[in-house]
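Engineer: These protein sequence lines map, in sequence, to chains A and X. Sequence positions in the first sequence follow this note's numbering and run 276 to 389. Sequence positions in the second sequence follow this note's numbering and run 203 to 317.
Hints are not guaranteed to be accurate.
[Stated by the list, open to error] Here's a subset of chain A near chain X, in silico, CB distances under 7 Å, partners left out:
1. A313
2. L314
3. Q316
4. F320
5. G333
6. N334
7. P336
8. A362
9. D382
The set of hints was computed from the structure by calculation and includes no laboratory data. Note that the structure is a prediction, hence the values are computed from the model and not measured. We put the beta carbon where it would ideally sit given N, CA and C, even for glycine.
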Amino acid sequence: ETGVTQSPTHLIKTRGQQVTLRCSSQSGHNTVSWYQQALGQGPQFIFQYYREEENGRGNFPPRFSGLQFPNYSSELNVNALELDDSALYLCASSLSGQPNQPQHFGDGTRLSIL
Amino acid sequence: KQEVTQIPAALSVPEGENLVLNCSFTDSAIYNLQWFRQDPGKGLTSLLLIQSSQREQTSGRLNASLDKSSGRSTLYIAASQPGDSATYLCAAYPNSGGGADGLTFGKGTHLIIQP
Numbered sequence: 276e277t278g279v280t281q282s283p284t285h286l287i288k289t290r291g292q293q294v295t296l297r298c299s300s301q302s303g304h305n306t307v308s309w310y311q312q313a314l315g316q317g318p319q320f321i322f323q324y325y326r327e328e329e330n331g332r333g334n335f336p337p338r339f340s341g342l343q344f345p346n347y348s349s350e351l352n353v354n355a356l357e358l359d360d361s362a363l364y365l366c367a368s369s370l371s372g373q374p375n376q377p378q379h380f381g382d383g384t385r386l387s388i389l
Numbered sequence: 203k204q205e206v207t208q209i210p211a212a213l214s215v216p217e218g219e220n221l222v223l224n225c226s227f228t229d230s231a232i233y234n235l236q237w238f239r240q241d242p243g244k245g246l247t248s249l250l251l252i253q254s255s256q257r258e259q260t261s262g263r264l265n266a267s268l269d270k271s272s273g274r275s276t277l278y279i280a281a282s283q284p285g286d287s288a289t290y291l292c293a294a295y296p297n298s299g300g301g302a303d304g305l306t307f308g309k310g311t312h313l314i315i316q317p
């Protein structure tokens, strides 16, 4: 069984740039959620994709957007990067978008904004 | 708005001790509560998931309990080992009746087991 994989592992950008982060869900999982974890904090929910549609969103501005593809992999796009966007971005997959299913996390992408 | 608090923020104990990590949440309307482990620079590893209708879950040396009425969950680790050193996070999934709200996490308890 293949777990959740994220790429790249590390990324350095400057303010105002755009970035795309990628996630492959665990085998058999059709739901992907994205979280932002600032240093010393717990992860914060960005949004969730189920069957290629966004079906839930946390308190993040529209410059955070995403996609889910037919193979259930997903992208997180962030435009107009700000210094506060520096964080670990975590992707989690689960089965069928049902809340009673555990979420399985990847190792994340560490994004640094200079 | 759901808030999750974890106490203590950090804990250092000698190997072999039994220990309890605490998690509290402000809104009892949760679907489930999940405990995770995070090693430095890594993602989250799911340890235990307790549905709102359950009182506890066990896996090996780990036991998690849930008391919705008081808004509390505990993670009990028996016979701690140096390999248990990590940050432990609890997260509540809201029972909002529709859509997806995602997990609400606490800030975690940083645990060090001294050899």
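Engineer: Can G333 of chain A be said to touch chain X, with a Cβ gap under 7 Å?
Structural biologist: holds, 6 Å
Engineer: Under 7 Å is the threshold here; is the Cβ of D382 of chain A close enough to any Cβ of chain X for the hint to stand?
Structural biologist: This hint holds: D382 of chain A lies near chain X, its Cβ roughly 4 Å from the closest one there, short of 7 Å.
Engineer: Is the shortest C-beta separation between L314 of chain A and chain X less than 7 Å?
Structural biologist: Hint on L314 of chain A: violated, closest Cβ of chain X at ~11 Å, above 7 Å.
Engineer: Please check whether Q316 of chain A passes as an interface residue: C-beta within 7 Å of a C-beta belonging to chain X.
Structural biologist: holds, 6 Å
Engineer: Against chain X, with CB atoms and a cut of 7 Å, does the hint on N334 of chain A hold up?
Structural biologist: Not OK, violated: N334 of chain A not within 7 Å of chain X, min 9 Å.
Engineer: Tell me if P336 of chain A is really an interface residue toward chain X, meaning its C-beta lies closer than 7 Å to one of theirs.
Structural biologist: For P336 of chain A, the interface hint is violated, since the closest Cβ of chain X sits about 16 Å away, which is over 7 Å.
Engineer: Can A313 of chain A be said to touch chain X, with a Cβ gap under 7 Å?
Structural biologist: violated, 10 Å
Engineer: Would the stated hint for F320 of chain A survive a check requiring a Cβ distance to chain X of less than 7 Å?
Structural biologist: holds, 3 Å
Engineer: Quick check on the hint: A362 of chain A CB to chain X CB, less than 7 Å?
Structural biologist: violated, 13 Å
Hints 1, 2, 6, 7, 8, counting from the list given before, are not met by this structure.
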